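**Q** Could you build all of it, start to finish, from the sequences and the hints given here?
Residue-level listing of the chains:
There are 4 protein chains.
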Amino acid sequence: MLDAEAALAQASADVGIVPREAADEIAAACRADLYDPAALAGEAHDAGNPAIPLVRALTARLSPAAAAHVHRGATSQDVIDTALVLVARRTLPGVVADLGRAADRAAALAREHRTTPMAGRTLLQQAVPVTFGLKAAGWMTALDAVAASLADADDRLAAQLGGAAGTLAALGDDGPAVAAAFARRLGLRAPALSWHTDRTRLAALAGTLAVAAGAGGKIGLDIVLLAQTEVGEAHEAGEGRGGSSTMPHKRNPVAAIAAVAAGRRAPGLAATMLACMGHEHERAAGAWQAEWATLPALLGVAADGAAAIADALGRLAVDPARMRANLALLGDLPLAEAAVTQLTPALGRATAHAVVEEACRRAVAGGTSLTDALRAAGHRVDLAPERYLGSAPALVDAALQARSSVGTTDA
Amino acid sequence: MLDAEAALAQASADVGIVPREAADEIAAACRADLYDPAALAGEAHDAGNPAIPLVRALTARLSPAAAAHVHRGATSQDVIDTALVLVARRTLPGVVADLGRAADRAAALAREHRTTPMAGRTLLQQAVPVTFGLKAAGWMTALDAVAASLADADDRLAAQLGGAAGTLAALGDDGPAVAAAFARRLGLRAPALSWHTDRTRLAALAGTLAVAAGAGGKIGLDIVLLAQTEVGEAHEAGEGRGGSSTMPHKRNPVAAIAAVAAGRRAPGLAATMLACMGHEHERAAGAWQAEWATLPALLGVAADGAAAIADALGRLAVDPARMRANLALLGDLPLAEAAVTQLTPALGRATAHAVVEEACRRAVAGGTSLTDALRAAGHRVDLAPERYLGSAPALVDAALQARSSVGTTDA
Amino acid sequence: MLDAEAALAQASADVGIVPREAADEIAAACRADLYDPAALAGEAHDAGNPAIPLVRALTARLSPAAAAHVHRGATSQDVIDTALVLVARRTLPGVVADLGRAADRAAALAREHRTTPMAGRTLLQQAVPVTFGLKAAGWMTALDAVAASLADADDRLAAQLGGAAGTLAALGDDGPAVAAAFARRLGLRAPALSWHTDRTRLAALAGTLAVAAGAGGKIGLDIVLLAQTEVGEAHEAGEGRGGSSTMPHKRNPVAAIAAVAAGRRAPGLAATMLACMGHEHERAAGAWQAEWATLPALLGVAADGAAAIADALGRLAVDPARMRANLALLGDLPLAEAAVTQLTPALGRATAHAVVEEACRRAVAGGTSLTDALRAAGHRVDLAPERYLGSAPALVDAALQARSSVGTTDA
Amino acid sequence: MLDAEAALAQASADVGIVPREAADEIAAACRADLYDPAALAGEAHDAGNPAIPLVRALTARLSPAAAAHVHRGATSQDVIDTALVLVARRTLPGVVADLGRAADRAAALAREHRTTPMAGRTLLQQAVPVTFGLKAAGWMTALDAVAASLADADDRLAAQLGGAAGTLAALGDDGPAVAAAFARRLGLRAPALSWHTDRTRLAALAGTLAVAAGAGGKIGLDIVLLAQTEVGEAHEAGEGRGGSSTMPHKRNPVAAIAAVAAGRRAPGLAATMLACMGHEHERAAGAWQAEWATLPALLGVAADGAAAIADALGRLAVDPARMRANLALLGDLPLAEAAVTQLTPALGRATAHAVVEEACRRAVAGGTSLTDALRAAGHRVDLAPERYLGSAPALVDAALQARSSVGTTDA
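Respectively, the protein sequence lines represent chains W, B, C and G. So the first sequence is numbered by the numbering used here: it starts at 2 and just counts up by one. So the second sequence is numbered by the numbering used here: it starts at 2 and just counts up by one. So the third sequence is numbered by the numbering used here: it starts at 2 and just counts up by one. So the fourth sequence is numbered by the numbering used here: it starts at 2 and just counts up by one.
Treat the hints as calculated values from the structure; they're not laboratory data.
Incomplete in silico selection of chain C near chain W, CB under 8 Å:
{"no.": "1", "residue": "Q126"}
{"no.": "2", "residue": "E231"}
{"no.": "3", "residue": "V232"}
{"no.": "4", "residue": "K251"}
{"no.": "5", "residue": "N253"}
{"no.": "6", "residue": "N327"}
{"no.": "7", "residue": "L330"}
{"no.": "8", "residue": "L331"}
Over 10 Å on every C-beta distance to chain G, these chain B residues come out as not near it, computed from the model:
{"no.": "9", "residue": "A42"}
{"no.": "10", "residue": "G43"}
{"no.": "11", "residue": "A58"}
{"no.": "12", "residue": "A61"}
{"no.": "13", "residue": "A149"}
{"no.": "14", "residue": "D153"}
{"no.": "15", "residue": "A304"}
{"no.": "16", "residue": "A351"}
{"no.": "17", "residue": "S406"}
Just so it is clear, the structure is predicted and the values come from calculations on it, not from any experiment. Note that beta-carbon positions come from the ideal geometry of N, C-alpha and C, so glycine has one too.
**A** Right, dumping it as structure tokens:
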């Protein structure tokens, strides 16, 4: 809020309606350490918003000459909304950077493991094999997408200056010029109209933040599942991480869990922002006030989630041997689809399907492999998982190629 | 789902791995009227998804030659996800068009009423005057923004084809080619990777739909408030609309209310989509299934909301005389800010402020106008509301100008 | 809605203000099959609610003598709100029964497996052992709790009759008597006041439904996790359930997944109901209308979830041998806490802790068991998991005892 | 958390497994001012939860003899969950008291204004008259209901003690006795089973908190609407409340607005708690961690909302003259229903309805009153609003009577 007041004073001086010395004096007094947040919060309760006591306290620190120009032409909502946007501006680049780091690490994993076979798992049951690189490429794609969305959202952040009811009337004919200078001073967009009660920008930002948190949460969930004692295909490496002195075997994936937690907190906060779009006329009686704590909380959740997933991916240790061991748990039964494919040229698709289906039944009943059951029926197949990876490596290459062609940094 | 199966068959024929006659036969059988949705729903319960019984029923209608090629290379999720996207594709253009119509009407109101004075209202208390055109311009800006976001979202809709676990393994080396042809056939984007468990696209769409519903809800709320018996500045015109035979005075703003209702339903549905991003590995056990009813419901809510706000704005009758009468309710007290502005050149800002504050107290205590109270103190001001509209008309012009320069249609 | 109209007519006859023959004629016309829902929905759009066209259609079917008494004293909201409550009344007993069946089955599992050891899992990492009976007892307790809450909610369902604005004015002095008779006819509570815009009852019901769905979702999630290929400790038994002809090894836990999905859909719907409590004055302009589709959807989700978890538990097949095998995966390392406990009497707690911690390190480093590492250091412990189940069996007994003492049915 | 550790030590001494002196020493060290929350938060990040560094810091302050007994038998979740419950315990009585004060004030308003006529408003259009007492009685009923629900929830708060995986194994056979003593020490319920991953209690509490916030929000909304400049039937009295030096006419209903804002924040937070019920096995990997900030936030929102609505009602100034003036805005047209009622004995209901409908049309067209239009048609009616209040006063009496009979305090 103080940055908004300082920018307003300087913008007014830029336009020539406030003396530069007054603006400089105001700006110099706009230092957070000069004020007592707890006292201001107490006064805000009676005033109905925190800008009123802050402007009072700011004014009290100034010479009469400067005091006359504080907050000129603005209303409380101009200051509070601009402050909300500035909080977003200070948060988003870090979130985008963390997501970018996470995506870079996922890209490196995708490249390294483009042909590392592991069990595909649908409904948490083993299905046909995939490669760990393909899984990592999917993480990368999602992370790049949400990073790009948040960078766009950051770029669209707009200053708020409309005066008491959006007409800038207290600034006479200079309103639009001051509003433009105000936005320029803050490095924010200058919208055609002030957006006192048009919350589409903030609501869209909230949605984008929740999608970003959700994307990190999905990856965190995959890591938690891979790190299960009974799966053991990946874990978060690091001295003393998530350990326990009397549980020496535990390697709790604490960063992945933090990413999951962020993904779970975001939707409710985003829903609040979305449900608060109904701002009455020129200033809302409740919906606006409900945003004050919600948007910062959501920004914090998204930031925590991005940092956590970057951390989790950064320290992810992958165990290809365990992946292969798990792939062998069910023998070659998950490869039945491959058997159909191999027998189709000779038998036709329908017959191939029937033959494999029957062999599957016999294999399960007899405790043998599908390969043996088919051989007993006179058919030869090769059901090594690494020969049924389909287009996984090609898809990884395509995703990495698409990434580099749009210029996304890739470590 | 049938459209997805038909497109898959034809795409496979395009690539040369399925005979064209088989594809044609499959496509001909992909007509919804040939199937019994209730029976399929019953079987879906046991199967775990609706694609399994549908493929079974589709296969049963075909010659053996064609039957061998049904659903080839695909998994249930390919069909269901693509079907979800196709529902979005069929819904979004209509939503965008309705929002565009609403924005056009708001633009016309903004132009017509750029200087029509009315009370600005903050926290539902009268504040300084605005123009109805400025209010309508704010509506227009929000509607244009959400229409553009939804058009973008529509443009980004992507087909889903990944096979059992995303590797397209059952299609041998032809997977990527079939996936590309499949998307081309459906007029959807062909993503680098299948997005079985990367729900960023759907979640972002959900957020955008909720923002659109919320934007309409805000406008609907403004209309409901303007239509209050005690305010009466606007109403929805139309024979028999929202009337009642023994309540002949009532003019219920039913379309605006429907827009408000849509704005209230959307956030919870969007939150469900956001909270369902945590899809495990290659297919989710619960989060995916929860999307099936939720996204269509949200599309329906957004569509209802867009149609309702277009309807409400289309029939909005505005009463400038009542606006002016309401402006006079508090006399010239809401113009105190204007008095300060007018006295500042002569008195300096600080003194002007003190003089007006004192006059306000006297006016309230004495039941006189602020103008009279100031005159009694030796100061002359002109507090006609139409001379304190600030930059309202200029802002309206700027918003309309910005609109036409980006080529948005404007009736 | 028709049931509400019929009850209103009969209640008015009970009080003596409508002739019984007219009431009987009205009631006879209140059969859903006589009306065209699609046509009514169309008219509802313009009228603003579905009760207006329904009353019109109902009236049109009656003799003039009876027609004069249709809907007498009531407003649309009386009919729609009462109808919402009747939908709840028809749904809740089935949900309570399904939850009761599920709880009975969980109780049976708890009793059967009160001492069956399995790995406790925290953060999805193996921790100290539990018994499957203890896990099932936790499920039982939660299911009993939500069933009891929903039974209470069902018992509190109240009829709505207030007339145009809640004063029952059109009924003269007979209003309260008619309202009481109306509630009696429907088997609903008769509240002191009509609750047109006091939505605490419905919002509390929504919360309770979501808690019930969430309780089922937690159990479903546990089952999905137990059914993982790599864990394999439980599965849903049943011919052709969740199977696949070419994935013969898959045993998709489709009922558990449906319970998870219900648990994921409910919170957003409940949030909508909670966010819709802000009903303006005597009838809401948007918040009420948003409830119409939301509460039935939530009732459906809760019903689906309850049926699914009853189904999942009913067919749950448990594999104690696999539980024991999984318990052995980490050797005796998860029993370090037991080692401390056993050594404490001799060494004191602090020294025992230090000794075990050091032995843990050596065991992990040397690939030996903790027992051996301790023995090498001169300490003897017995780290069989079945001797470190703590109070698990006693807790199961206590939970079953608490259940039977409150008279909950237990199969 | 420190209170939980102290209670655990003392409970263990009560049961005889920890020396009393050690317990006393531990308890004495459990003072929040001895620890550095920021430092603990930093360590919590790596440890995965805040209990681990707290126990470490607590232990470091103790003699070796006492240190050996810190946190004995407990796991981090026991401490954190119990701490969450203790936060609820400290918050809820104040919330219940504020809601009770608000209800008392609503009861006083209901009694005072049981016959004060005002416009009933449906869809924000004037409908038949109500009394302000009836509106206040509706507020009272809702407030009493949510206060009672929260008092029940407070009464059901349960301690958490289960040890590493819920078996209390580290306490040998003393587990249940320690758990009982632990609950007793804290004044909390001792559940049959620990509820590590059964979140039904917390989720139900969250729902109840949101319903309470929503009930206050509805009343706040009514007050905001009554306080509109154009309505002016009530305002929040108080020196300098929500005022503005140059907006001397504004009387912003800041407390009511705060209640509305609380009502808008609660649903999203409650949805997060509901969506976090899916706790895996014996400790959740993400869903639990997401609760830590959410439940306290929701408790705070409910507390703010309760305090705000008590404040708003406590200072509510009602203007019966303005109510009557607003009632006259539409003349006697809103009384058409009364006219039908008065003419029914003579004309029969159907004819009476037709006659009044025709007269309504003429009155609107001719700009006359309905009384005059009916008189011109030969019918005499008395359409004074105070004679068409229906059962409003009786309903107020019944609600007040129901209140006093259940012993709710009434000022």
